[in-house]
Amino acid sequence: MKKFIAIALLLLSFGLQAQEKYTISGIVKEASSGEALIGATVYDETTKAGISTNVYGFYSLTLPKGKHTISFSFVGYNTVIKEIDLSKDLKINIELGGVVELEEVVVSANSVSKKVESSQMSLTNINVEKIKSLPAFMGESDVIKTIQLLPGIQSGSEGSSGIYVRGGGPDQNLLMLDGVPVYNANHLFGFFSVFNPDAVHYVDVYKGGFPARFGGRLSSVIDIRMKEGNMKEYHGSVSVGIISSKINFEGPIIKDRTSFNISARRTYIDLLIKPFQKSDKFGYYFYDLNAKINHKFSDKSRLFLSAYLGSDKGGGESNDKETIDDSSRKEIKKDKSNNNFDWGNKTLALRWNYIFSPKLFSNTTVTYSKYDFGLDFDSSEERYLKYSTSSSVDEDYKERTKFKYTSGIYDFAYKFDLDYLPNPNHSIKIGASYIYHSFIPGENIISVSKTDNLKPKGAGNEDVTYNYGNKNIYAHEGAAYIEDDYKISESLKANVGLHYSLFNVQKNTYQSFEPRLAVRYLVNEDLSLKLAYSKMQQYIHLLSNSTISMPTDLWLPVTKRIKPMKSTQYALGAAYNLGNGYDFTVEGFYKEMDNLIEYKDGTTFFSYNSKWEDLVEMGKGKAYGIELQFNKTVGKTTGWIGYTLSKTDRDFPTINYGKTFAAKYDRRHDVSIVITHKPSKKIDFGMTWVYGTGNSLTMSTRNMDLYLDKFIVNDSYTYTDKSNMKIPIPEGRNNYRAPAYHRLDFSVNFHKKKKYGTRTWNISVYNVYNRSNPFYLHFSNKGDHKVLKQTSLFTIIPSVSYIFTF
Amino acid sequence: MKNIFLLLIICLSICSCKDKEIEFTGDEAKTLLVLSSNFSTDSIIKIHVSKSYSVIKSKPKNDINDSNTTITLKDAKGNLIPLSYSEKSNAFVSTEKPKQGQKFTIEASSKGVDSASASVEIPEEVAIQNVAMSAGSSDDYSDRTEIKISFIDPKENNYYKLTLYKKSELVSGGYLAVEYKSKDQIFRSSYSGIGNIREDEEIKVGVFNDEMFSGKEKSISINCASYDLNFSFDKVYIKLETISKDYFLFLKSFSQYLETDDSPFTEPVQIWSNVINGAGIVGASTPFIVEIKEK
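In the order they appear, the protein sequences are chains P and V. The numbers in the first sequence follow the working numbering, run straight up by one, and end at 820. The numbers in the second sequence follow the working numbering, run straight up by one, and end at 969.
Since the hints were derived computationally from the structure, they do not count as laboratory data. One should not assume that every hint holds.
Residues from chain P shown here face chain V by an in silico Cβ test under 7 angstroms; the list is partial [stated by the list, open to error]:
#1 Thr712
#2 Arg716
#3 Leu720
#4 Ile743
#5 Ser786
#6 Val801
#7 Leu802
#8 Lys803
Quick list of simulated restraints, FRET-style, between CB atoms [what the hints assert, rightly or not]:
#9 Ser332/P with Pro828/V: 57 to 63 angstroms
#10 Val805/V with Ser342/P: 53 to 59 angstroms
#11 Ser888/V with Phe793/P: 41 to 47 angstroms
#12 Gln525/P with Ser888/V: 35 to 41 angstroms
#13 Ile640/P with Lys731/V: 36 to 42 angstroms
#14 Gly672/P with Lys731/V: 27 to 33 angstroms
#15 Thr337/P with Lys731/V: 53 to 59 angstroms
#16 Ser332/P with Lys731/V: 43 to 49 angstroms
#17 Tyr428/P with Ile950/V: 56 to 62 angstroms
Don't be surprised by glycine CBs; every beta carbon is placed ideally from N, CA and C.
Just chain P, with the same shape it has in the complex (with noise of 0.2 angstroms):
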C-alpha cells in the first residue's frame, strides 16, 4: 500500500516545476468555536493562486519564494489578509471571526464566486443555519426535507423524506454521517429523517459528477458531517415542540485540545396517549442521540469519535378476562397479547487526521453502521374450569405463543484517504476502502408452548421451537480511488479521476472502473461553462414497493442472477454570478441506468422469501432533464427559485409487455421557492412553495367484460361459471397521472436576548392553503356509478416550538 502511494505520488508531481517554492499550510477555524471551516478560501494575491480548506479545515499552497499576501475567507466571516515573505514552509493555523454584521443575512456557504471557479458541478451546500429557518413540518427542522426543495431533486409521496434524484430510485442514494453509511435514513415512516439539524455541521449534496472518491450508488451523495463541538466555551439549546423536544449541548473538555457535542431527540406521542388507554394500550415514539468527540494531539494529529444512535419503537397491548360463575361451575378466561417492534441505525466512527508534511494530509477511519428492524408478538391465552360436582374433571390449559422477526444489515468499515497538494495547480486524492457487510434478510422464530391436564404429555402438552427463514450473508466491497483537481490554465480546470470497486458474495465477484471527468471552462470572473461524466456501480439493492418509508425495506447484496446496478450520467451546465448575491446556474443532465430492479406484476415484499430474486426483474432506465436554480445568497430576503423540466422512464422485458413505461417518480415539472427575510434580529419570516407534476400509478381507466365460458382459473369461478366477467383493461404500468402537488408553507421566529441567552418562538403552518395533495387514489362507490377519489394526509397544520439557545 505504501509503496503504492509512494509510486503514485512521484508520477503525478512529474512536471511541477524546479523553482525554488515553500509551501503554507494549516487549518482554518471558526473563531469562536474553533470548528473547522470547511472550503473557506485561501487566495495568493500575488501570484492568483488559491486553495479551498477540506473537509477538516485543512489547506496547503504553495508557492514561490518572496513575498505574498494571503487573504482567509469565508462567507459571513471577516476575511484576514496575512502578509508573508516566504523563505521557508510555514505553517499558519487561522481562526476567522466576526460574523459580518450587514444587513445581510450569509445563508450559504457556496460563495457566488466558488461556484463559478469550482470545477464541482452538481454540488449543492447546504447552510444548517438555512435549514433551521424554513418552515418545519409539525416543527420539526428536517435535514433531507430541506434537500428535496433542491433542483433535480424530488419528494416521494405526501410527507414523506424519501429522496429521488435525477431519476434515481430512493435505493440509489449514499447517505453518509460523519462518512459512515445510513441505511433508513427514516423516522415514522419517513416523515422525519434520522438526521437532527441541532447535531448537524454541514451538508454537502451532489446529484451528479461525482468526483472520484465517491462510489457505491448510482443517484447521489449526501455528506452529512456532524457538529465537532466548541473547543473554548460552552453552548448548548434546548427545544420543546408539539411532538418532540430536543437538546443539545457543546464545548470544551480541555479547552483548545478537546471538545465535544452531544445532542438528543425523542418524541413524546406514546406520554401523551398513555394517560387515556386502559387494558388495551398502544404507544410509539422514536429517539435520536448524536455524540462527537473530538481530540488534537498536536497541529498534525486529531483524532474524532462520532456516535449515532437512533431508533423508533411501537407496540400495543392488550388483556382479556371473562369470569362466568353459575351453580355449576366457574370458569376463568384470560387473553393476553403483546406486540412490539422497533427499529434503527447505530453508527459509530472513529477518524484520525495526521499532517505528514505540509502537502500531504492524511484520514484514516474505522466505521462501524448497523440498522435492524425488529417485530415480537406473544400472545398467551388461559382456561380454568371448576366444576362444582365432583363428577366433572376441572379443566386448566395454557398456551403461549412467541413470534419474533429480525432483520438488518451491519457494515464494518475501513478507509484511508490521502490529500496531496503539490502545487496550487493540483489537489490530489487517493484513498482506498474495504467493507464487510452482514445482511441478514429476515429471520423467523415462532415457539409454542401449551399444556393441558385433560391431554397426556406428547398430545399436547409441548414446547416447539420453530426456526426458519433466510440465511445470513455476507460479502466483501472494495474500493480504490484517485483524482485530481487540475487547473490546467487560467480559464480551464478539469478534476479527473478514477473510481475501482469489487464486490465478493457467496462465491461471486463483481469489479468495476469508474472513470470520472469534471471540467469547468471560465469565460469571464462570473460566467463558467461545465461539463461532467460520471460512471458508477452499485452492488446493493433495496427491497420495497411501497410508497411509504418501511421499516421492512430490505437491504440485499448482488446475486448471481441479480447484477450490480450501474448508471452513466453526462451532464453539462453553466454557472453565472449576477453580482450583487444573485447568482444562476444551469444544467442538463442524461442519465442511463442499467439492471435496475422493480417487483415484477402482483408480487409484494409481504411475499419475499428465500426466492426473492423470482419476485423482481432487472431492466434498464433513462433519465434526461434540465435544472434551474436562482440564488440570493446575501440581503435581508435570501433564498432560491428552483425549476426542474425532466423525464424518467423504465424498459424491463417482462413488465409492461416489455414496453418503456413512465417511472413512479417521473415529474415533468418540479418547482421551489425559497424565501428567508430577515427585517431585524427580533424577527424572521421564511416559506416555501412548492409545486410538481402528480406521480403516475397504475391504473385502469376502461372496464371490459369477458365471457368466461371455460376460462377457468384458479379462483372461485367453478368449472359451470358461464358468465361474464367484468374486469379492468390492461393499459400499462404507470399509466395515469394523480393531480400535481403543491404547497406553501410559512413560518415565524421571534428572537429575544434573555439574561443567560437568547429564546426563540417558532410559528409554523405546513400547507397553508390546505391544499389536499394526492397521497393514495381510490375508486369509491357513488349511486350508480363510481368516482375517484384522492386520499389526502396533511392538510393546514399548524405548529409552534420554543428554543433556548445559550
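Once you have looked at the hints, place chain V on chain P.
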C-alpha cells in the same frame, strides 16, 4: 404486522387525513372493441364481441349486434369461415369446430370504435398416457387420494392446463371442479413470475408450461380429498389441455389479478391480451379427457 403499521399511519394522520372526490381524467380514453373467445377442438367457434366502458360508469347496454358489427373469421389460407350472430349466446358463432394445427384470424369492426383483430393457432393434442390412483396421506381434514398422470411433451414450446372435475346431475350446470394439491414444481415455475401456486394451495386449474421437461415424458402427481372422488353418483374426469401461449399468459395473469386485486401493497397485474387495437383474449385449446374409474 402490516395492520400495525397501517394503524400507526392512520393514528398519525387521523386529525388531518381526508378523502375527496377528484376529476377522473381516464374518461378521455377511447372505447375499445373487446374480443373474448376460446377456440377449443371440442366445441364450435363462439366469439363474444363487446365494447369497453369507463371504470367509473355503470355497464352500458351492449350495442353489439349483427347490424352494427362486422366480424370476419379467416383461416390460414384466407378462406372466410361463416359466422352468424346468436342472441341466445350473445356471440358470433360458427357451425364448425376448430381442428388441431389450424390458424385463424379475427377482424372485428363496429360503428364508433376502431377495428380490432387477433390471431390464434390451435395447439396439437397431447394424450394422457397413463393414470394411476393410490391412497395418499391424510391431512387435518380428510384422507387424500394420489393421482399420477403421464404424458409425452412434444419438442416445441407447449403450454398446458390441467383440471379435475365431476360430472353430476346433482350439480347445477352439470360440472363441478375438484380441487387438488401438488408438490410438482411445474406449478411454481418462474416463467413470468405470475400466477404461481404454493405447495399447500388448493388448485382448481393448474396452468404450466414445459420449460422443465421440454420434449420429454412427464409424470405429474396430484392429490385430492378422497370424498371428492365419490364414484357412487358422479363421473370424475381429468382433463389435460394444450393451450396457446397467449391463453397461457392470460390465465396466469388473470389468476394473479384475482389474487392480488385488493392488496394495496402489490403492483397491479396487467392482464395479458392478444387483441391488436382492442382488448380481451382469443385463446385456443385442445383437450384430452380421461375418465377416472374406481378400481
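### Task
Starting from the hint list further up, note which numbers the structure goes against and sort them upward.
Going through the list in order, the structure violates no hint and respects every one.
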